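Trainee: Single-letter residue listing:
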Amino acid sequence: MGTAKPERRVYLDYVATTPVLPEVLEAMLPYFREVYGNPQSLHSWGDEAREVIEKARAQVAGLVGGSPEEIVFTSSGSEANNLAVKGLAQGQIAKGKHIIVSAVEHFSVLNAVRTLEKAGFELTVVPVDKYGLVDPDEVARNIRKDTILVSVMHANGEVGTIQPIAEISKRVKEAGALLHTDAVASTGNIPVNVNELGVDALSLAANQFYGPKGAAALWVRKRIRLIPLMDGGVQEGGRRPGTENVPAIVGLGKAAELAIRDMPSRMEKLSQLRDKLINGLLTAIDHTILTGHLTQRLPHHASFCVEFIEGEAMLLLLNIQGIAVSSGSACTSRALKASHVLIAMGIPHEIAQGSLLFSLGVDNNEADIDYVVEKLPPIVDRLRQMSPLYAKFIKEKRG
Amino acid sequence: MPMYSEKVMDHFMNPRNVGEIKDADGIGEEGNPICGDMMTFYIKVKDNRLEDVKFQTFGCGAAVAVSSMVSEMAKGKTLEEALEITPSLVAQELEGLPKNKYHCSNLGAQALRKAIRDYAQKKGIKIEGLEEKGEEHEEGEES
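From first to last, the protein sequence lines are chains A and B. For reference, each letter of the first sequence is one residue, going 1 to 399 in this note's numbering. For reference, each letter of the second sequence is one residue, going 1 to 143 in this note's numbering.
Careful: at least some of the hints might be erroneous.
[To be verified] Derived SDA-like pairs: lysine to any residue, alpha-carbon spacing no greater than 20 angstroms straight-line: (1) 392(A) x 98(B); (2) 7(B) x 65(A); (3) 392(A) x 6(B); (4) 222(A) x 21(A); (5) 337(A) x 98(B); (6) 5(A) x 6(B); (7) 22(B) x 390(A); (8) 392(A) x 46(B); (9) 95(A) x 224(A); (10) 99(B) x 333(A); (11) 337(A) x 32(B); (12) 7(B) x 319(A); (13) 55(A) x 40(A); (14) 46(B) x 103(B); (15) 337(A) x 99(B); (16) 269(A) x 286(A); (17) 122(B) x 52(B); (18) 7(B) x 99(B); (19) 130(A) x 295(A); (20) 392(A) x 99(B); (21) 392(A) x 130(B); (22) 392(A) x 21(B); (23) 55(A) x 95(A).
Worth flagging that the hints you see were computed from the coordinates, not collected in a lab. Treat the numbers as computed from the prediction; the structure is a model and nothing was measured.
Turn these sequences into a full structure, and let the hints guide you.
Mentor: Below you can see the structure in the form of structure tokens.
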């Protein structure tokens, strides 16, 4: 049983959350006990706190190529997505009620637009191809006169596919609608520039790039009307009331600064490790497919479907070997539904059940990858030996 | 807190009676891969007793543990006794299953019942308790 200590501990679930870098933690610490004022206060305690969140605002704006006053701090990527989708839709209601999203959006976008649909908005969900890519022309074909908002994610956390946002933007702009992108999985990991992408709003979260949980932001282009989710005070220009989470915002800012500095070296290192992992696993385990796009994918992301077996069982056995990963199988989701992303990509349910998702980070090294490539194949063998689907497959193969 | 009880993890890590019986007297299949779990039970019957029980399972940790537990509970029992094994008894023996896993993973008893029915049909015999209780899903209980 799981009592024996694993030889090694390998965390490969960085899209679930990253650890906080020591420099980020260092930057945050003074803002619990030393500089603890409320940024809205008019005394010197407040001034100090206000000064640091404005510094963080500039750091985050720098990461995405926007202006500091366009950054709205939120508590999570989910909140940023909700604020974007609901706030922009309600802000544009005089122009129309039609919204377009892709089928592979995060639930914080999908469920937000479903809530809007119940409130009288109209929704079109555009499909993706087998790589998880949205076709910009398909978006264009679905734009109507009353389309006010299109929301397509920048990169998908489950399959790593990076969407052609700039291409989608051209179609959306021609039609005069707004474009939001959920860039939570991508920001801090690959270059993200709001002007190059041509978006009107963009969500990001610190815990995807070595900042703390509880710190995220929505960038919204100047002069775009955004209705707040909550009523309250004047924080964040009235767009997001509530006392600012100063230490977390400082951490987000520092993580953004480090991401700008280290992005090229991180991307190079992680994409090499990722390719080693992809090649290693595809060579060692037959009847395994790489999910998502081969090249248009996040540099730290490798996702697979291993046929004839189920993801949670693999995850449990990997965990016993000290390896942490995710799966999009029905059994691993609390709702017991197969990943909507894999299903939207046309992957059959029984294959989607074998979903396994690795995401790498700065603390990983080659030995970690070697360890996974050594430990996973016997786990797959063991589960296939008890799988009726594999037994059937072998029988049919023999004829 | 771990999701599964120690008993579930033990049966998942060291499943009893995995495999196929080539000349099985009865075979029962339950579940389907779309819901995530699928189990096949093979039985060998001698003098109205389950002389051997084996299974194959596609599914999560709970599904494997359930299959293993059912095979262990059933082995050596008379056919009538084996039909008394219910999903809730299996869950009890496993020291509980997570509530959300109860319905989809706890199919072992039904798969075993189907194997016994397959045997009865092949032999043209009637077994007490085979038809009365259907494959009803019982209400889940929290572990």
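Trainee: Next, verify each hint and record whether it holds.
Mentor: Checked hints:
At roughly 30 angstroms between alpha-carbon atoms, residue 392(A) and residue 98(B) are farther apart than 20 angstroms, so this suggested pair is violated. At most 20 angstroms may separate the alpha-carbon atoms for a hinted pair to count; residue 7(B) and residue 65(A) exceed this at roughly 54 angstroms. With a CA separation close to 31 angstroms, the supplied pair residue 392(A) and residue 6(B) exceeds the 20 angstroms bound. With a CA separation close to 32 angstroms, the supplied pair residue 222(A) and residue 21(A) exceeds the 20 angstroms bound.
About 16 angstroms separates the Cα atoms of residue 337(A) and residue 98(B), which keeps this hinted pair within 20 angstroms; it holds. With a C-alpha separation of about 16 angstroms, the suggested pair residue 5(A) and residue 6(B) falls inside the 20 angstroms cut-off, and the hint holds. With a C-alpha separation of about 16 angstroms, the suggested pair residue 22(B) and residue 390(A) falls inside the 20 angstroms cut-off, and the hint holds. Distance check on the hinted pair: residue 392(A) and residue 46(B) sit about 27 angstroms apart at the alpha-carbon level, beyond 20 angstroms; violated.
Using a Cα cut-off of 20 angstroms, the hinted pair residue 95(A) and residue 224(A) holds, with the two alpha carbons roughly 13 angstroms apart. Simply put, residue 99(B) and residue 333(A) have alpha-carbon atoms about 13 angstroms apart, close enough for the 20 angstroms limit, and the pair holds. The suggested pairing of residue 337(A) with residue 32(B) holds, with an alpha-carbon distance near 13 angstroms, which does not exceed 20 angstroms. The suggested pairing of residue 7(B) with residue 319(A) holds, with an alpha-carbon distance near 17 angstroms, which does not exceed 20 angstroms.
With a C-alpha separation of about 15 angstroms, the suggested pairing of residue 55(A) with residue 40(A) holds against the 20 angstroms cut-off. Between the alpha carbons of residue 46(B) and residue 103(B) the distance comes to roughly 32 angstroms, so the proposed pair goes past 20 angstroms and is violated. For the given pair, residue 337(A) sits about 15 angstroms from residue 99(B) by alpha-carbon distance, which is consistent with the 20 angstroms threshold. Distance check on the hinted pair: residue 269(A) and residue 286(A) sit about 27 angstroms apart at the alpha-carbon level, beyond 20 angstroms; violated.
Proximity of residue 122(B) to residue 52(B) is assessed by CA-CA distance (about 17 angstroms); at most 20 angstroms being required, the pair is judged to hold. Of the supplied pair hints, the one linking residue 7(B) and residue 99(B) holds, its CA atoms being roughly 16 angstroms apart against a limit of 20 angstroms. A threshold of 20 angstroms between alpha carbons decides the hint, and for residue 130(A) with residue 295(A) the separation of about 14 angstroms falls inside it, so the pair holds. Restraint check: the Cα-Cα separation between residue 392(A) and residue 99(B) comes to about 31 angstroms, which exceeds 20 angstroms; the hinted pair is violated.
Only pairs whose Cα atoms come within 20 angstroms are accepted, and residue 392(A) paired with residue 130(B) is rejected, the gap being roughly 28 angstroms. For the proposed pair residue 392(A) and residue 21(B), the alpha carbon gap of about 14 angstroms is at most 20 angstroms, so the pair holds. The straight-line distance between the Cα atoms of residue 55(A) and residue 95(A) is roughly 36 angstroms, outside the 20 angstroms bound, and the hint therefore fails.
In summary, the numbered hints that this structure violates are 1, 2, 3, 4, 8, 14, 16, 20, 21, 23.
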